[in-house]
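K.L.:
Chain by chain, the residues:
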Amino acid sequence: MFKTFTAAFWYELKRMVTDRHLIVVCFLAPFFYVLMLTSVYSQKRLTEVPVGIADSDNTSISRQAALYLDSTENLKVFAEYPSPQAAQDALIKGDIYGYFYFPPGFASDIKKGKSASYRVAADYMNIALANPVFLASADVAGELTARHFSALPGKPRLSRERAEALRSLVRPEVHTIFNREMNYSDFFLPGLLAIIMQQLVLVGLCLRTAEDRQENMTGDYWRLSGCSPLIAAAARALPYMLLNYILCCLFAFVWLRHFDLVPAHSIPDAMLYIFAYIAAGTSFGLFISPFFRRTADVLLFLMYFSMGAFLISGYSWPDYMLPAFHRIVALPIPSTYFMSWLRRAYGAALPPSYVTPDFWILCGLALLYFIISLPLFRRIYGGK
Amino acid sequence: MLKGIINSARRELFRLLSSRKLMFLLFAWPLMFCSFLASIYSAKVIKKMPVVICDKDNSQLSRLAARYLGATRSLDIIGHVDNADEIRQLLLRGKIEAGIYIPRGWAADMKRNRQVPLIAYANGGNMVIGNMITSDVKTVAGTISAGVRIKFLEKTGSSTGQAKGTFMPVGTENFRLFNPGGNYMRFLAPGLWGAILMQVLLSLAVIALASEKENGTMPQAWAAAGNFAMPLLIGKMIPYCLLSFILMEIFEFVLYPLFGIPVKNPGGMALANMAFIFAVMSGGMYISSIAPTETDSLKGVLAVGAPAFILSGYIWPLSAMPAGISAFASIIPLTHYLKALRPLSEYGAAVSQASSPLLTLFVLGVAYFVFAALNLRVARQIFILKERKRQSAVMDCAEGKALPSGGAGV
Numbered sequence: 001m002f003k004t005f006t007a008a009f010w011y012e013l014k015r016m017v018t019d020r021h022l023i024v025v026c027f028l029a030p031f032f033y034v035l036m037l038t039s040v041y042s043q044k045r046l047t048e049v050p051v052g053i054a055d056s057d058n059t060s061i062s063r064q065a066a067l068y069l070d071s072t073e074n075l076k077v078f079a080e081y082p083s084p085q086a087a088q089d090a091l092i093k094g095d096i097y098g099y100f101y102f103p104p105g106f107a108s109d110i111k112k113g114k115s116a117s118y119r120v121a122a123d124y125m126n127i128a129l130a131n132p133v134f135l136a137s138a139d140v141a142g143e144l145t146a147r148h149f150s151a152l153p154g155k156p157r158l159s160r161e162r163a164e165a166l167r168s169l170v171r172p173e174v175h176t177i178f179n180r181e182m183n184y185s186d187f188f189l190p191g192l193l194a195i196i197m198q199q200l201v202l203v204g205l206c207l208r209t210a211e212d213r214q215e216n217m218t219g220d221y222w223r224l225s226g227c228s229p230l231i232a233a234a235a236r237a238l239p240y241m242l243l244n245y246i247l248c249c250l251f252a253f254v255w256l257r258h259f260d261l262v263p264a265h266s267i268p269d270a271m272l273y274i275f276a277y278i279a280a281g282t283s284f285g286l287f288i289s290p291f292f293r294r295t296a297d298v299l300l301f302l303m304y305f306s307m308g309a310f311l312i313s314g315y316s317w318p319d320y321m322l323p324a325f326h327r328i329v330a331l332p333i334p335s336t337y338f339m340s341w342l343r344r345a346y347g348a349a350l351p352p353s354y355v356t357p358d359f360w361i362l363c364g365l366a367l368l369y370f371i372i373s374l375p376l377f378r379r380i381y382g383g384k
Numbered sequence: 385m386l387k388g389i390i391n392s393a394r395r396e397l398f399r400l401l402s403s404r405k406l407m408f409l410l411f412a413w414p415l416m417f418c419s420f421l422a423s424i425y426s427a428k429v430i431k432k433m434p435v436v437i438c439d440k441d442n443s444q445l446s447r448l449a450a451r452y453l454g455a456t457r458s459l460d461i462i463g464h465v466d467n468a469d470e471i472r473q474l475l476l477r478g479k480i481e482a483g484i485y486i487p488r489g490w491a492a493d494m495k496r497n498r499q500v501p502l503i504a505y506a507n508g509g510n511m512v513i514g515n516m517i518t519s520d521v522k523t524v525a526g527t528i529s530a531g532v533r534i535k536f537l538e539k540t541g542s543s544t545g546q547a548k549g550t551f552m553p554v555g556t557e558n559f560r561l562f563n564p565g566g567n568y569m570r571f572l573a574p575g576l577w578g579a580i581l582m583q584v585l586l587s588l589a590v591i592a593l594a595s596e597k598e599n600g601t602m603p604q605a606w607a608a609a610g611n612f613a614m615p616l617l618i619g620k621m622i623p624y625c626l627l628s629f630i631l632m633e634i635f636e637f638v639l640y641p642l643f644g645i646p647v648k649n650p651g652g653m654a655l656a657n658m659a660f661i662f663a664v665m666s667g668g669m670y671i672s673s674i675a676p677t678e679t680d681s682l683k684g685v686l687a688v689g690a691p692a693f694i695l696s697g698y699i700w701p702l703s704a705m706p707a708g709i710s711a712f713a714s715i716i717p718l719t720h721y722l723k724a725l726r727p728l729s730e731y732g733a734a735v736s737q738a739s740s741p742l743l744t745l746f747v748l749g750v751a752y753f754v755f756a757a758l759n760l761r762v763a764r765q766i767f768i769l770k771e772r773k774r775q776s777a778v779m780d781c782a783e784g785k786a787l788p789s790g791g792a793g794v
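Protein sequences appear in the order of chains X and V.
Once you know that position 264 of the first sequence is 264 in the numbering used here, the rest is easy, because the numbers rise by one and skip nothing.
To get the numbering used here, take the position in the second sequence, counting from 1, and add 384.
Source of the hints: derived by calculation from the structure; they are not laboratory data.
Cut-off 27 Å, straight-line C-alpha distance, at most; resulting in silico cross-link-like pairs (BS3-like, lysine-lysine):
no.	chain 1	residue 1	chain 2	residue 2
1	V	K539	X	K112
2	V	K495	V	K535
3	X	K114	V	K522
4	X	K112	V	K535
5	V	K522	X	K44
6	V	K648	X	K93
7	V	K535	X	K111
If you want a taste of the chain X side facing chain V, the calculated C-beta under 8 Å gives, among others:
no.	residue
8	Q43
9	K93
10	M182
11	S306
12	G308
Beta carbons: idealized from backbone N, C-alpha and C, even for Gly.
Take these sequences, add in the hints, and give me the full structure.
P.N.:
Structure below.
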């Protein structure tokens, strides 16, 4: 039995490294996608978001405010506009993502000790870009307040610290856990990597099985595996699983380090978790592969899978906000459980007891999909 | 030439209408899958994230702060804990999204005009959640600060107006343009739909041409087009473009309203749809003209289509991407379509304000079309040369010479 398994395994391995479709999917695509998508977020955080200024006050205080805005890390003053309408037109054209309008009398109100305000408008159709605009604006308003609070008419002159304390008695202190610097790269990259690897193992296995069916080679492979569905399925899955596992570890522990992303877990713990994920993904691929008759159909239908699986995994949009139907659809997909670990694994050293439920679910899925793929393999390859 | 286009278009329309798979892919699949994706965001915003409070101060003011936090849209106080470590443990277990810690002596310090912290431990692993918590905690801290200061100044004889002015000489009026509620459905669904539609249209375009190669029916396709590449391509594209336009108008007039996404300039959006369909169809024809098989063509679609949404600049701006990546993104039609879509559908912009991406889409479409036509022409010339060689070999063979090796397979 072992000899038969070895023969079938070597056959599959040879096929994987010689078949041009499989070479593209198993060897070139992982590097293409991972390198390209990770470099999208190489800047980590959104900085220097282009904004406009419409300064109808045109005083030293309003100009100082504009300078403050330009000097923040988040914003870059792209241009000055004669009116808020002109700034809004530039925003619609896509030149800027937000603008600041200083109305006439802004500085004189401050000097008189009256409450003065400036207008901040940002395109909230892109929430990711609008947030830095509002955050920088709040900081600049605070800076101006502290500066002018200390020199209000009829009040004794205060130190900056004292003025700041009086202005803002309650200081918000937000400590983020898991992604301390609130980098987009820390948020997106591990999830994207995981979904890419799952997608590629699914496509690779389905392509391989569809090739056999398309070329009427099912009988040859069945005989090679000693007419055993167990050997046929295991020998088919193993090369893909091993390759995917090696690549996944390479990306997780070497490539993501390049972006200062290091799993806080111990490396062996993380490797074990990744192994469970890849095993579940491979078994899932094994299970769905007999449903495709043609290689073109594999690509035609699986090309939509990764986006759907990512969005319903709870990685970006929390699972408790998903409609019940989507949560049910997400249940049989391995990435759902892996994402739950992944979100936390890159930020904090989790004790093993905190993550084991997801780990065991992945192991259970790997076993379940492998077992239910056996009769399908017998049917497709054995002709029964 | 016109006759070639008509013949080719008629032939393609028949092929398309007689294929259940293609009709499913063209109409049922995009509508089903796009509805599925959009309904992920049916809650529109993230509400009632589970949060716990550790109130070490237990004063009237700290309880007020807890009530304010619980009253925000995004936070839901699900319980109280005894120390900061418990908050951390619950966060690590994924049971809560944030924990608020109010230290002992909080209210007393505030009454002495000393600055006090409102400490929040938030899940930053999800940026959406982290940003919302940060924003809500800042708002509540600001509200309490203002309330306490204004109350204090009022007690010392200032009017409410004077108190407000003294407390905050510089304030801001924040305007969240076009999506004031921070609705994620309006933010993400149009972009996701664009990405799915591009993949569907690209797949259909490559199948239109590659399936002819695969099934060996290319000679009939050439014959219907009068053996010219341009009529062949135009004829193939016409039925797909028309039916795709119908599909995209179903999106515009059914799916957008169904999911509460406004279309402020329907005419402009229809124009953008047309330009997008032309560019994508031409792109598909180009991919398929260089790929030898249907599977290879679809691999090309996957290579372009899968990362297209991330590369489009819809969420992460192109200016923040490395130059090579943004250059690659600029040859993908989705990038320019989404650039035109937001102003036209959400901002109510005139077509002139979105003219640059529309023009780029058109130029891309023309460029892909020309390259596809050239590729097809070259492929046909090679085919004809090989065919002639094969025929002469057959004639030589008939005259008693040996058949050259490999000749029979040409």
